[in-house]
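Undergrad: Based on these hints, arrange chain B on the given structure of chain A.
These protein sequence lines are chains A and B, in that order. To convert, take the position in the first sequence, counting from 1, and add 38; that gives this note's numbering. To convert, take the position in the second sequence, counting from 1, and add 38; that gives this note's numbering.
Treat each hint with caution, since some may be false.
Claimed, not checked - Covered stretches of chain A (chain B as the covering partner; in silico rule of three or more C-beta atoms under 8 Å from a C-beta of chain B):
| no. | stretch |
| --- | --- |
| 1 | 85 to 91 |
| 2 | 178 to 191 |
Unchecked claim - Here are the computed lysine-lysine pairs in the DSSO-like style, where the Cα-Cα straight-line distance is at most 30 Å:
| no. | chain 1 | residue 1 | chain 2 | residue 2 |
| --- | --- | --- | --- | --- |
| 3 | A | 182 | A | 102 |
| 4 | A | 167 | B | 102 |
| 5 | B | 167 | A | 182 |
| 6 | B | 102 | A | 102 |
| 7 | B | 167 | B | 132 |
| 8 | A | 168 | A | 102 |
| 9 | A | 182 | A | 168 |
| 10 | B | 179 | B | 167 |
| 11 | B | 168 | B | 132 |
| 12 | B | 179 | A | 132 |
| 13 | B | 168 | A | 167 |
| 14 | A | 179 | B | 167 |
| 15 | B | 182 | A | 102 |
| 16 | B | 132 | B | 179 |
| 17 | A | 182 | B | 102 |
| 18 | A | 102 | B | 167 |
| 19 | A | 168 | B | 179 |
| 20 | B | 102 | B | 182 |
| 21 | A | 179 | B | 179 |
| 22 | A | 168 | B | 182 |
| 23 | B | 168 | B | 182 |
Please keep in mind that the hints were generated in silico from the structure rather than gathered at the bench. Yeah, the Cβ is synthetic: ideal placement off N, Cα and C, and Gly gets one too.
There are 2 protein chains.
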Amino acid sequence: MEIRRASEADFEAMWSIFQAVVATGDTYVFSPTTSRQDCHAYWFGPETTSFVAVEGLTILGMYKFRANQRDLGSHVANASFMVSPAAHGIGVGKAMGQHCLMEARTAGYVAMQFNFVVSTNTGAIALWKKLGFSIVGTLPKAFKHQRLGYVDAYVMHRFLNDG
Amino acid sequence: MEIRRASEADFEAMWSIFQAVVATGDTYVFSPTTSRQDCHAYWFGPETTSFVAVEGLTILGMYKFRANQRDLGSHVANASFMVSPAAHGIGVGKAMGQHCLMEARTAGYVAMQFNFVVSTNTGAIALWKKLGFSIVGTLPKAFKHQRLGYVDAYVMHRFLNDG
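Only chain A is shown next, with the shape it has when bound in the complex (with noise of 0.2 Å):
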């Protein structure tokens, strides 16, 4: 598996794991009707670094990261991960986070912060709390679940400079 930047030439795929994922409802904010503009939007718009984890020619999943909030708060990266469901299971979102808190650090982020982790995504929070990540924020009954009706979501934080 390699890991990197994404481009336009990825976009295609990227679009069809996104509808894969958001089709369940039951992780992301995002409609199972969100269109193809806004997706886009979302992996490739502005201040946004993109990457895609890749195995040969197929494209296992993608990551990206960016200021959480602007200029008195830009030293805080926020991330978003998605993986094929064709992929789970072998690693993939491990590696994708692993190498986004590389590169944000990098990038000069002190901390990362992700602002809305659905909590009965227990795969999801059980990996960011084995990278290191910690439960900051709980947000009562914010996310509608598709199967499940509303469910809180949590705030999850990690700093960058302890390795």
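TA: Below, chain B without anything else, positioned relative to chain A:
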């Protein structure tokens, strides 16, 4: 004091208040050098509803609200407030806060969340607590305070269905 929808004709006064508020670098992420264009986009951006508090012809402050997240998170509002330094201490923030809660409830939101309340902004925190908000998250050293260096920011929240 009257609180009414903001219009383009109010922008000159809003821009003056904005500049005065961000000049101190102690409450908002905006740099003191934020452009007029960015300020305009902030108060009159897409899907944003803005209000001004006025006394006669003088604008005392402004607030805005919008969905904090799209789609599956769009039932929670986010709001933002600025009071003219010349109008501090006469209840403008409180009046706008109460007005905002009412407007957001009317618009169908079920909760309101502030994503980034600077922890040293004790006046604002006391006001929000008085208006029923509680701290649901602490973002460590997330704000670069102009005088104090890195300080925490809070996520504050309240539901809107309890009157």
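Undergrad: Just to be careful, I want the Cα atoms of residue 167(B) and residue 182(A) compared with a cutoff of 30 Å; is the pair within it?
TA: With a Cα-Cα distance of about 26 Å, the restraint between residue 167(B) and residue 182(A) holds, given a limit of 30 Å.
Undergrad: Counting residues of the stretch 85 to 91 of chain A with a beta carbon closer than 8 Å to any beta carbon of chain B, are there 3 or more?
TA: violated (count 0)
Undergrad: What's the verdict on residue 168(B) and residue 132(B), does the C-alpha distance respect the 30 Å limit or exceed it?
TA: Between residue 168(B) and residue 132(B) the Cα gap is close to 9 Å, so the pair holds against 30 Å.
Undergrad: Can you confirm whether the C-alpha distance between residue 102(B) and residue 102(A) stays at or below 30 Å?
TA: Cα-Cα ~29 Å, so holds.
Undergrad: For residue 132(B) and residue 179(B), compute the direct alpha-carbon distance and say whether it is at most 30 Å.
TA: The given pair, whose Cα atoms are some 27 Å apart, holds under the 30 Å limit.
Undergrad: Would you check the hint for residue 168(A) and residue 102(A), treating anything up to 30 Å between C-alpha atoms as holding?
TA: holds, 20 Å
Undergrad: Taking a Cβ-Cβ distance under 8 Å as contact, does the stretch 178 to 191 of chain A have three or more residues in contact with chain B?
TA: holds (count 9)
Undergrad: Mind checking the alpha carbons of residue 182(B) and residue 102(A) for me, to see if they're no more than 30 Å apart?
TA: holds, 24 Å
Undergrad: Is residue 182(A) close enough to residue 168(A), meaning Cα to Cα at most 30 Å?
TA: Cα-Cα ~26 Å, so holds.
Undergrad: Are residue 179(B) and residue 132(A) close enough, with their CA atoms no more than 30 Å apart?
TA: Distance ~26 Å between residue 179(B) and residue 132(A) Cα, so the pair holds.
Undergrad: Within a Cα-Cα threshold of 30 Å, do residue 168(A) and residue 182(B) meet the stated pairing?
TA: holds, 28 Å
Undergrad: Need the status of pair residue 168(B), residue 167(A): alpha-carbon distance at most 30 Å?
TA: With a Cα-Cα distance of about 34 Å, the restraint between residue 168(B) and residue 167(A) is violated, given a limit of 30 Å.
Comparing the model with each numbered hint stated earlier shows that hints 1, 4, 13, 18 do not hold.
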